[in-house]
Amino acid sequence: MATISRWSRTASAAAACGVVLAVALAAVPYVAARAESALIDLFLFVALANLWNLLAGFAGLTSFGQQAYLGVGAYALYLYAAAGIDPALGVVLAALTAALVSVPVSLLVFRLTAGYFAVATWVVAEVLHLLATVSPRVGGNTGASLPGTGRYPLVLWQAVTYWWALGLMLACVAGIGLLMRSRFGLDARAVHADPVAAAAAGVAVGRVRRVAYLLAALGTGAVGAVLFCHHLYVEPSSIFGAQYSVYMLFMVLIGGLGTIEGPVLGALIFFGLQQVLAGYGAWYLVVLGTVAVLVTLFAPRGLWGTVAARWRISLLPLGYRFRP
Amino acid sequence: MSLLEIESLDVRYGDFQALFGVSLAVAENAALALVGANGAGKTTLLRTVAGAHPPAGGRIRFDGADITAMPPHQRVRVGIALVPEGRRLFASLTAEENIRVGAIQAGPHAWSLPRLYEVFPLIARCRHRRAGLLSGGEQQAVAIARALASGPRLLLLDEISLGLAPAVVDALYDTLAELRAAGTALVLVEQDLDRAQGACQDLVCLLEGRVVLAAPAGAVARADVVAAYFGTAS
Amino acid sequence: MTWLNAALQGILLGGEYALVACGLSLTFGVMRLVNLAHGDFAVCGAYLALVLSASLGMPAWYTLPLLLPIAFAAGVALHLAVLSRSLRGGVLAPVLVTFGLSVVIENLLLEGASANTRSLDGGALSLASIEIGDHIVISWLRLTGLLVALLVLGGLQALLSHTSWGRSVRATSDDLDTARLVGVRVRPVFATVAGVAVATAALAGVFLGLISAFDPLAGGTVLIFAFEAVVIGGLGSLWGTLVGGVALGLTQQLIGQWNSQYAVLAVHVLFLVVLAVRPQGMFAAASSPVALPGTE
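The listed protein sequences correspond, in order, to chains A, B and C. The opening position of the first sequence corresponds to residue 1 in our numbering, with each subsequent residue numbered one higher. The opening position of the second sequence corresponds to residue 1 in our numbering, with each subsequent residue numbered one higher. The opening position of the third sequence corresponds to residue 1 in our numbering, with each subsequent residue numbered one higher.
Rather than coming from a laboratory, the hints here were simulated on the basis of the structure. Keep in mind that a hint or two might mislead.
Short, incomplete list of chain C residues facing chain B, as computed with Cβ under 8 angstroms [unchecked claim]:
no., residue
1, Asn-5
2, Ala-7
3, Arg-118
4, Arg-170
5, Asp-175
Note that CB positions come from ideal geometry on N, CA and C, so glycine has one too.
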């Protein structure tokens with residue numbers, strides 16, 4: 001009898017492993033606290049990669065300005081913490097602020113498409129960068145440190161930051177996965193494939209894009225706030241830096257645009273490369289850029305994409321499988 | 001030996017197959033009418049002959065040589081020119097510039113500008129106007145002139161009467177007769193059966209990508225053509 | 001009077017922005033490709049001039065006859081090797097590829113030339129200026145920059161309007177599919193356009209080096225300004241790009257006269273305002289990458 005399924009045994013196994021892994025990782029502050037810092041970086045990379053993939057891989061929006069929301073998240077957290085709100089809770093508010101900022105921005109930048117859209121998002125990031133630089137209230141060019149952490153002993157603060165990062169990563173991976181399995185996900189992928197055809201088929205293209213952009217801003221804002229918690233210091237030229245876009249691009253391209261597993265794999269590889277190539281200065285970015293160019297030209301599906309297509313595996317299935 | 005020989009042509013757009021084993025031949029200086037309903041594959045066939053799509057199967061021979069893999073600009077040079085469906089003029093270029101673009105791959109028998117203006121007095125008057133601002137009849141004339149500028153031995157015309165007043169179409173068909181007299185072979189896609197049968201000596205009818213009728217235009221009854229066109233032939 | 005001077009400086013600056021931007025405008029108009037490495041090509045032009053003038057022992061000006069053909073050839077090679085393949089990969093691929101290229105170029109420059117800012121020696125010309133009254137100072141160098149920009153734009157426009165190459169370029173830009181079918185060889189058209197774009201970028205880079213300073217990471221800022229000039233002027237229009245450049249230059253200088261901190265910010269804000277109010281720019285051609293109605 002023919003069946004159509006949306007799940008598989010592989011996916012169940014993967015999900016079970018994921019849960020076990022999540023529990024194990026949550027225990028790290030108790031058993032392996034020295035690994036916290038590196039793992040926080042890794043989790044945030046995974047989150048960023050998945051968020052960029054939501055935009056570029058699923059909704060067809062290549063943004064080179066997501067660092068704008070990293071900055072908004074971080075500086076919003078600064079303002080809330082300076083106003084007396086507990087910074088651990090401030091992260092939520094910061095994320096919401098970033099999502100709010102994304103609404104008027106999207107009205108502007110969505111007037112352009114493809115490459116021009118990409119540069120426009122970059123311009124927006126630059127504007128926010130410059131605004132932060134000329135505002136003495138947030139420390140101008142020199143930046144600011146996170147107020148309000150004094151109420152936490154350092155060890156606890158690091159653990160709290162770690163759990164935030166872990167939770168954020170899990171929320172991004174699982175959340176975006178579930179979102180893509182929903183009706184919204186189908187609409188988004190139609191918009192990515194062919195916006196005109198999607199519009200003709202009744203998909204509210206503009207709305208799908210704005211929602212995707214808003215969700216990505218929400219998540220990226222949260223990452224920015226957690227980054228601030230992690231480093232305890234923020235300065236405009238680093239948090240608004242275009243290199244974050246380079247990293248996001250690289251992770252998603254290498255891993256595989258348009259899959260859930262791809263960006264996770266890409267983030268792992270990127271993280272590994274960063275550790276290995278740390279001492280080589282600018283050569284490290286030369287390698288990243290070259291690999292990005294080669295992958296786009298010759299292996300556009302990325303590592304995971306190629307593997308998954310070849311062996312038909314999917315750890316988090318997004319589509320429908322037909323068994324005749 | 002025919003000027004154009006198409007042998008078992010299969011053409012696909014991704015997963016969709018538009019032509020199934022189409023075969024036909026056009027002799028030197030002959031005129032072939034290609035008829036069929038919308039979506040039958042007429043435009044696909046002409047565009048494939050012009051070089052827009054590589055066929056998935058089959059061969060195309062022009063003047064004895066296999067041109068199946070030849071790029072479009074070379075096909076223009078060896079003597080095949082297309083007047084596309086919907087005219088497809090370069091809107092920001094003037095009428096004369098459009099024609100001069102057509103002359104880029106001009107062969108030895110290229111029609112010179114003065115000669116083209118003689119044959120199409122309509123264009124002579126608006127030669128410096130931007131193509132996007134011309135009337136339908138003027139645009140169609142420019143499109144044909146653009147194709148002639150390369151001096152083709154075979155002219156492929158896709159629905160030239162579309163959207164034009166009958167008087168204008170009459171004038172265009174008179175010009176086609178002049179082209180025949182000058183030695184050019186024609187493949188004419190035309191929805192108006194009377195005009196098609198009147199202007200051409202052979203007729204091929206396509207239905208859903210297949211040849212369902214191929215006969216001399218004078219020898220086949222209109223009813224048979226209609227039956228083949230709609231697929232109601234027994 | 002200082003305001004008049006600021007306005008004049010703005011116009012001169014605008015000419016330079018237009019010179020950088022015209023290659024970007026051409027590439028987009030003809031190939032529908034946004035080259036995110038365009039700014040880096042300008043910076044490479046400045047570095048190449050530096051290297052050539054040091055090794056040949058001559059002022060930067062004299063390196064141009066050698067530099068421009070090299071830049072043109074590099075553009076052609078870039079197209080044939082990389083960009084043409086990326087165009088076949090869909091709408092996203094060229095954006096990703098040129099961004100990757102930009103990263104590679106910037107960091108190769110960082111490794112090769114260090115992060116120090118440099119500038120080019122223009123000899124006597126860079127010091128000479130015309131003074132009118134107390135407040136108006138027009139440097140000969142900047143004036144030359146504007147004149148060169150006008151010459152290049154005018155020359156390009158003339159080539160496009162009156163040559164067979166120009167007709168092929170415009171036809172391809174109007175309707176790529178039909179152009180191929182009527183006999184235009186599209187690959188050489190694209191390759192030569194890419195060559196022209198890189199050559200004009202390199203020329204602009206040399207002026208950038210002569211007038212101010214440059215460093216390996218300056219390409220990003222150059223790209224953004226070029227991009228903004230193109231959008232404000234209208235995508236696909238060369239003279240529009242000049243208008244866009246002048247709009248940027250005027251804004252930067254006039255706001256800078258009031259408060260130098262806000263100069264660059266004001267330019268970006270101008271861009272965003274134009275985007276909000278008239279996204280197709282002032283002289284848009286038919287084929288702008290403005291979102292289709294219904295898909296916005």
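Right, here's what the structure says about each hint:
{"no.": "1", "hint": "Asn-5", "in the structure": "violated (40 angstroms)"}
{"no.": "2", "hint": "Ala-7", "in the structure": "violated (34 angstroms)"}
{"no.": "3", "hint": "Arg-118", "in the structure": "violated (42 angstroms)"}
{"no.": "4", "hint": "Arg-170", "in the structure": "holds (6 angstroms)"}
{"no.": "5", "hint": "Asp-175", "in the structure": "holds (6 angstroms)"}
Of the numbered hints given earlier, the model fails hints 1, 2 and 3; all others are met.
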